[in-house]
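Work the whole structure out from these sequences, hints included.
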Amino acid sequence: MIRTLPEIEATVLRAGRGSGVPVAQAEDIARAARWLAAAGQMRGLDEVARCLALPRGSARPTRWVASYVFAPGDPALMLPAAIDLALTGADVRLRGMPRALTGALIACAPALEGRAVRAAWSGRDATLSLGPRGREPHLSDRSAQVDLPVWAALTALAAQTYVPASDASRDGAGAGDDS
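Just so you know, we're using this note's numbering here: the sequence shown kicks off at 1 and counts up by one.
It is worth saying that the hints were derived from the structure and are not from the lab.
The model shown is predicted, which means the values in this text are computed figures rather than measured ones.
Among the hints, a few may not be true.
[Claimed, not checked] Computed Cβ-Cβ distance ranges for the label pairs, DEER-style:
| no. | residue 1 | residue 2 | range |
| --- | --- | --- | --- |
| 1 | 143 | 90 | 18 to 26 angstroms |
| 2 | 142 | 118 | 25 to 33 angstroms |
| 3 | 143 | 88 | 34 to 42 angstroms |
Every residue, glycine too, gets a C-beta built ideally from N, C-alpha and C.
Put into structure tokens, the structure is as follows:
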């Protein structure tokens, strides 16, 4: 099915909120999902849907002497935190994190004084460091093909944000008559 990139970003944002991801991290994940769709990386969108479907955990890394290690857990919380930490110049290591989502989040992360986060991969693990800023991601308004099961998973998570219909939820809804 074809969806516009803004529609993909908005749906992933709602899916993140529906799955319990804090707003700032959900916004980061949504921007990364749009970047993945624009790049034609549909497997990456599947990673996003699977990460958001996981039970929410903790984003606390294990602190080792002069570095931080983010081990397998909740990528939706851990990856934005790891990238923010790397932007401070800290030594950050990722263990078993989804590669496409990690790359997209890094591509969409802000640059500081011309420097940006870079990932050096070794198998399923990565070390994050600061390096020169690469090319800016282009997030156009074009469309992308999205697999139906991935879209269904994202919209099901987004539905968690809807208020159930009831007389109380309808009370005062709409334009109504104020007389």
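Evaluation of the provided hints:
1. 143 to 90: 18 to 26 angstroms: violated (38 angstroms)
2. 142 to 118: 25 to 33 angstroms: holds (27 angstroms)
3. 143 to 88: 34 to 42 angstroms: holds (37 angstroms)
Hint 1 from the earlier list is the only one contradicted by this structure; the remaining hints agree with it.
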